[in-house]
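Visitor: Each chain is listed here by its residues.
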Amino acid sequence: MAEPAKNQAVDRTRIFYVPERARVMTTRQEPSATFVELGFEDGRPLNHHPGQFVQVSVFGYGEAPISVCSSPTRPESFALCVQSMGNVSRAIADLTPGDWVGIRGPYGRGCFPIDRMKNKDVLLIAGGIGMAPLRGLIQFICDNRDDYGRFMVVYGAKTPSDILFREETEQWTENPDLDFYRTVDEPDDEWEGRTGVVTEPLKEIDIDPENTIAAACGPPVMFRFIAMDLLKKKLPEERIYFSLERRFKCGIGKCGHCQLNDLYVCQDGPVFRYADLLKRTEAGEVWAPEKDQDTA
Amino acid sequence: MIHFKKKPRVAFFDFACCEGCQLSVLEMEEKLLDLLSHVEVVEWREVMSEKSDEYDIAFCEGSITRKRDVERIQSIRERAETLVSLGACASISCHNALKNRWPMKEVVEMVYGDSGGHIDTIPARPVSDVVPVDYQIRGCPVSLPEFETVFKHILTGQSYDPPNQPVCVECKLNDTLCVYEKGMVCLGPVTRCGCNAVCTAYGDACQGCRGLIDEANTEAPARVLFREDLHPIMAEVARKNPLTRKEILAKFTVYNDTSEPDEEEESSDDNA
Amino acid sequence: MTTHNSIAVHHVTRIEGHGDITAEIKDGTLEQVRFSVVEAPRFFEAFLRGHHHHEVTHMASRICGICAVSHKCAALKATEAALGVDISDQTRLLRRLAYHGEVLSSHILHIYFLAGPDFFDVPSVFPLVDQDREMVRRAMRLKNLGYDLSKVVAGRHTHPIAMVAGGFTFVHQAENLEAMKDRIAEGLNDLQDTIRTLQGIDLPDLERETEYVSLTHPDRYAFYDGEILSSDRDEPVSPDRYREVIEEYAVDYSTAKYARWNRPEYMTGALARFNNNYGQLTDGAKTAAEDLGLTHPCHKPFTNTIAQVVECVHCLEDARDLIDALVNGGIRPGREHENVKDRAGSGVGAVEAPRGILFHEYEYDEEGKCLSANMVIPTAQNLANLEADMRAYVPVIAEESKETITHRLEMLVRAYDPCISCSTHVIDLRK
Amino acid sequence: MTAPENRVIPASNFTRFLEAIMAEQPVIGPRERPDQPGFYRFGRLARAEDFAPDYGTTTVPPKKTFAALREKLFSFTLDSPPELDLHFDSSPFVLLGIHPCDLSGIDALDHAYSQPPAEVRWTANRRRASLIGLDCRPDSYCFCTQVGTESNRNPCDLFLTPMEDGYLVEVHSDAGAALLEKADTRKAGEEDEAAAEQWRREKAAGIVPEFDAPVEKIADILEVGGLTPVWKETADRCYSCGSCNTTCPTCFCFDMVDDIEPDLSGGARYRTWDSCQLLDFALVASGHNFRGERWQRVRHRWQRKFLYLYRQFDRPYCTGCGRCSRACTADINLVDVANRLIAAAQKEA
Ligand SMILES: Cc1cc2nc3c(=O)[nH]c(=O)nc-3n(C[C@H](O)[C@H](O)[C@H](O)COP(=O)(O)OP(=O)(O)OC[C@H]3O[C@@H](n4cnc5c(N)ncnc54)[C@H](O)[C@@H]3O)c2cc1C
Ligand code: SF4
Ligand code: SF4
Ligand code: SF4
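Protein chains in written order, with the working numbering: chain S, 727 to 1022; chain C, 127 to 398; chain B, 3 to 433; chain G, 3 to 351.
Hints listed in this document are in silico derivations from the structure and should not be mistaken for laboratory results.
Here the structure is a predicted model, which means the values were calculated and not measured.
By construction, the Cβ of each residue, glycine as well, lies at the ideal position given by its N, Cα and C atoms.
Please note that the accuracy of each hint is not assured.
[To be verified] Listed next, the in silico DSSO-like pairs over lysine-lysine satisfying Cα-Cα at most 27 Å (straight line):
#1 C:K308 / G:K349
#2 B:K371 / C:K308
#3 C:K231 / B:K371
#4 G:K219 / S:K1005
#5 G:K234 / S:K1005
#6 C:K132 / C:K157
#7 S:K929 / S:K960
#8 B:K183 / C:K157
#9 C:K372 / B:K343
#10 B:K343 / C:K366
#11 C:K366 / B:K404
#12 B:K404 / C:K177
[Claimed, not checked] Residues from chain S that keep clear of chain G, each with C-beta distances beyond 10 Å, as calculated:
#13 E789
#14 G824
#15 G875
#16 W917
#17 T1007
Okay, chain S solo, but in the shape it has when bound (with noise of 0.2 Å):
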């Protein structure tokens, strides 16, 4: 760095760690998850891309990170879909209309690739909370359905009373314009649809391995499923894309909680490219336990 200037004021608009106020307008309880939808107090839209996350604050309980859940093709709001994990988690599942909360982001520059799908056919794959952040794509890709080839939706909740955005994954059955598979590891009695892992669907699903890319959100053993069967469905490594979670407290690549390797998942990510992922031993690690490779 070269040597600082002394004395030089600060220009408190760039401070990363300072939220901005947004305030709560609506919340649905969802399944196992609240669904918040917040604005900004001048009104000005939170421009973001699919698949990138805010830091939420709730003042006096404390940040997390939290995907965008709500497509950018809809700016008059964004919302946030939340499980009550923790004290910042369950504060903001305790939000009420008229709450305010703090906002830092959107951040990280790992995002769905909107840009490299166009044209393309699309294959995204939800495991229970993950259904967050590709809900946000979803909207978007619906909102320009022309600019996208095939588009599947593969979605898998642990029981038919933790299915997130029930009426809007109803609707997503009845659209034309979308392969929606929705199955449920544990069915109960009224339960007609699918039964199986998130990965049973999958398998039925016939891709153009030249001519698709695929995006998958969920816990941590769940990618290693989903990485085996689209590999053995062709689709390239450089092809598949996958949302990362991780302790983050900066967001912005300074507080070290999120490093994956050389990588810091909240700036380089949180979606990543498989094919990136496999060359970094920690990420291989988690998928893989038992191997224990220690090459960076």
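With chain S held as given, fit chains C, B and G with the ligands onto it using these hints.
Guide: Showing chains C, B and G with the ligands alone in chain S's frame:
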């Protein structure tokens, strides 16, 4: 946004302990008055005469060492929505569990001779071994900033896990000189922090009163101190502390005897 | 009409630890009365065995959260006696300072929080937060001053850190000690206000002369050091001989043991010290006694609380002198504790805890590991005297309502400021 | 700026120089720990005599003056809407007596924190300070020569090399020159330069630990991998106590937490230093710990310092100060481990 419930009712209870934790709470002065203004204290035998069977938050100090304590803590648990174990005795049983090394009959005899027939005592256990505990405030005694933090967490509906970092972290945050540099052996590297590393700040070694961190490497000292090729600081530590392996391991149990109380060993007498 | 009152108070409130009162009164005469300790025993005397003296002295302060410094000092003195360790004058001055802090905070706790509500006719200090917030603040301020005096010396009051056999692990800063002097001045003012508050109160009138036992020291009002003195005798006895003078006996209804010396019972604590060592109180403390109408000697057990106020003044005035002595002497780094060597031996440590005379005795092996431990706490020594007072008092109040009798008996118990949370109390006489 | 000539400041003048600075701005420098004679830490000097030029190494490096160990980032009210209040201090100060390795540590954090988006608080605090470096004598843990920091001067305004009577002063910035105007100095002669050179030679000769391969090689070795036995063996002893990170001048991971006032009217967000060696560092809310094994965390420390950041910034993220080895209560020595890695790689090859 903090959404308040109605003023919760708070009660303090004690079992086998020195009562130092609830008393050191009084040191908080203004802060205590501030905190208490959000609640209604309905029972605190130590400082008030009123008693109540209706409370929302119960602070329980002390270890469970008698049969009747078991019943009492169970009934407290039934009444309280939130149960807090206050201090090392309640959270990890502190010194109390050291008596569990002997059969209860022997312990009673050691202290009371033949005249101990009427004494009701069972192997000491922390409260959480008997009933589920919602919040733990560790330490002997509790650290007041942590008490305050937990109190605020309860008021704002947040969970609180005792810090899972070793005391060394707080030593560094305070820029305290490591006592190893003075040739002392310290339990800080395996002990949970939250005390603001107060013992080491006053030049003494950490005694381990907050219990072990998760996955503590309790084998490390035995692996380190007996090496031939020690660097100067550790060589000095090894020279000044000719400990046996057994002695090192014993140090971990002074506040934190995790050896299972002998289940068959019950109260030496039931008449109390 | 015959009246029959059965009084039973389960877990007397506002005392340290758990005790029950039972009394049977028939036609105004007392058939039976007793105060029994029902605290869960903790067995320190057993589990200290096998631990190194460094651990033992740290563990010993955990006997009691209110008199942690006293237990620590008693343990240190016993250990130092056993290991043949001499301590420096500086260490002695520092310990005495920490000690004054403890006496102050313990007494204030009793005066304002435990006994106090009876004087102001409230069940606890909490209603006073609204009624007289300034008084509650004053109480907390004074209590904290006591804590902080211990803290500036030993890092913490409950349980002191830096005190170890031989000296301190911490080098004291003259500035920090000096800074306490302003607080002490403020504390003395608060004590004057305390005296004014207490001048108005009516204490139950009970007078019963008894044997008063305390430490005594040729040069000063004894807290940290001295020999054992009985008001029934002229010559003090060395603490080493405590087993000869203090005979403990068991009763079947209590986990505590009772003690006697020249009479079937004796009293120890603030009033005993006041009676035995009155001449050595500071001038301010003597004036305080006068202002409070406490004359020497005094045989009224309820005035124990008043004697505590007098001692608070003494402690603060003496603390000021101790700080001057320390600072003027130039504080040395003093790492005396590093010279302590393990060896076999046994020793006794006697101190005046806030509630009275306290003995610790340890025996160590060549590696400095504890072979046996014994403690005799003040409350155990007071129990017989407390019951004797109760027997003397019940006929006086026998005509009162059951509630009043109960309340008065509770007040009498509280006047002794019993501290039984430690539950270490027994001599194994057959040893 | 063109390199100005070196000056000499005699010892007696130096005290006056310090006093002149202290009259204008706070001076933070190494001083003896009041409670632990013979040990030092960085702190504000109350008097010129507090400066302890012969200090060895402090436990915590001087980076704490720019990013406090625990620092308040901003405070907030719990009103609706909440009001935020930033805390920024812009008053100048002098950081005195920084050894070459610690200057290098500050440089390392300048690099890391200036990556966009820059860590403004660090930068702002850096701008407040004038740095006066000081040459040193190594102890048995120092290995600056192995990472090339023994003569580092970056970043500093003035640099002092001790001489028999006073210091040789190198001027490294205009701000430094301006500061030095307060001092009564003379031009350094050849003899003075020779004395300083002699000091540096003796210092380099005093370094004990040595890497068995050049430091660049360590990056390659780490990249190739296959070192699990070394990691595991090291981890057997490691406590995961984090002291190696929390004392390191180049570590910059942190944690952020909220705290609220006891009257629940507002609160503040705080930042504290963190350590990748701690068990929960990479734990996520779903319960998965991405570096749950101790050896993985040990490996991460090495890879971060000698591979990732090395490649990113083209310098090892280690200054050779030896703090981590000195602080390690398990006696894990950085140079020992390096040499075991090198040996393992050679065996492999
Ligand atoms: C890029 C990104 C996007 C995300 N998007 C979403 C989203 O859209 N929706 C969503 O719901 N979440 C999302 N998350 C996850 C979310 O950030 C976390 O759930 C959140 O940080 C939890 O924060 P918290 O404060 O509520 O919990 P914290 O208090 O930070 O964590 C509590 C958690 O700590 C862990 N913990 C503590 N002690 C233990 C123990 N002994 N054993 C195991 N675990 C323990 C537990 O997992 C516990 O739940 C996302 C995360 C990332 C990185
Ligand atoms: S003094 Fe103890 S707790 Fe502190 S750093 Fe050293 S080993 Fe860790
Ligand atoms: S200081 Fe030593 S024991 Fe602690 S985490 Fe670092 S390497 Fe492990
Ligand atoms: S890794 Fe160790 S030697 Fe290197 S800079 Fe950090 S603390 Fe110093």
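Visitor: All hints, please: hold or fail.
Guide: Status of each hint after checking the structure:
1. Using a Cα cut-off of 27 Å, the hinted pair K308 of chain C and K349 of chain G is violated, with the two alpha carbons roughly 39 Å apart.
2. Using a Cα cut-off of 27 Å, the hinted pair K371 of chain B and K308 of chain C holds, with the two alpha carbons roughly 23 Å apart.
3. Of the supplied pair hints, the one linking K231 of chain C and K371 of chain B holds, its CA atoms being roughly 23 Å apart against a limit of 27 Å.
4. Pair hint K219 of chain G plus K1005 of chain S holds up; C-alpha atoms about 21 Å apart against a cutoff of 27 Å.
5. Pair hint K234 of chain G plus K1005 of chain S holds up; C-alpha atoms about 22 Å apart against a cutoff of 27 Å.
6. Our distance criterion of 27 Å between C-alpha atoms is met by K132 of chain C and K157 of chain C, whose separation comes to about 20 Å.
7. The suggested pairing of K929 of chain S with K960 of chain S holds, with an alpha-carbon distance near 13 Å, which does not exceed 27 Å.
8. Taking the CA atoms of K183 of chain B and K157 of chain C, the gap is about 24 Å. The hint holds against a cut of 27 Å.
9. Between the alpha carbons of K372 of chain C and K343 of chain B the distance comes to roughly 21 Å, so the proposed pair stays at or under 27 Å and holds.
10. Between K343 of chain B and K366 of chain C the alpha-carbon distance is near 11 Å, which keeps this suggested pair within the 27 Å criterion.
11. Taking the CA atoms of K366 of chain C and K404 of chain B, the gap is about 65 Å. The hint is violated against a cut of 27 Å.
12. Only pairs whose Cα atoms come within 27 Å are accepted, and K404 of chain B paired with K177 of chain C is accepted, the gap being roughly 19 Å.
13. For E789 of chain S, the requirement that its beta carbon stay farther than 10 Å from each beta carbon of chain G is not met, with the minimum near 7 Å.
14. Non-interface status of G824 of chain S relative to chain G is broken: a Cβ of that chain comes within 10 Å, the nearest being about 7 Å off.
15. For G875 of chain S, the non-interface assignment is confirmed: its Cβ lies about 34 Å from the closest Cβ of chain G, beyond the 10 Å cut-off.
16. At roughly 25 Å from the closest C-beta of chain G, the C-beta of W917 of chain S stays outside 10 Å, upholding its exclusion from the interface.
17. T1007 of chain S, annotated as away from the interface, has a beta carbon of chain G within 10 Å; the closest lies near 7 Å.
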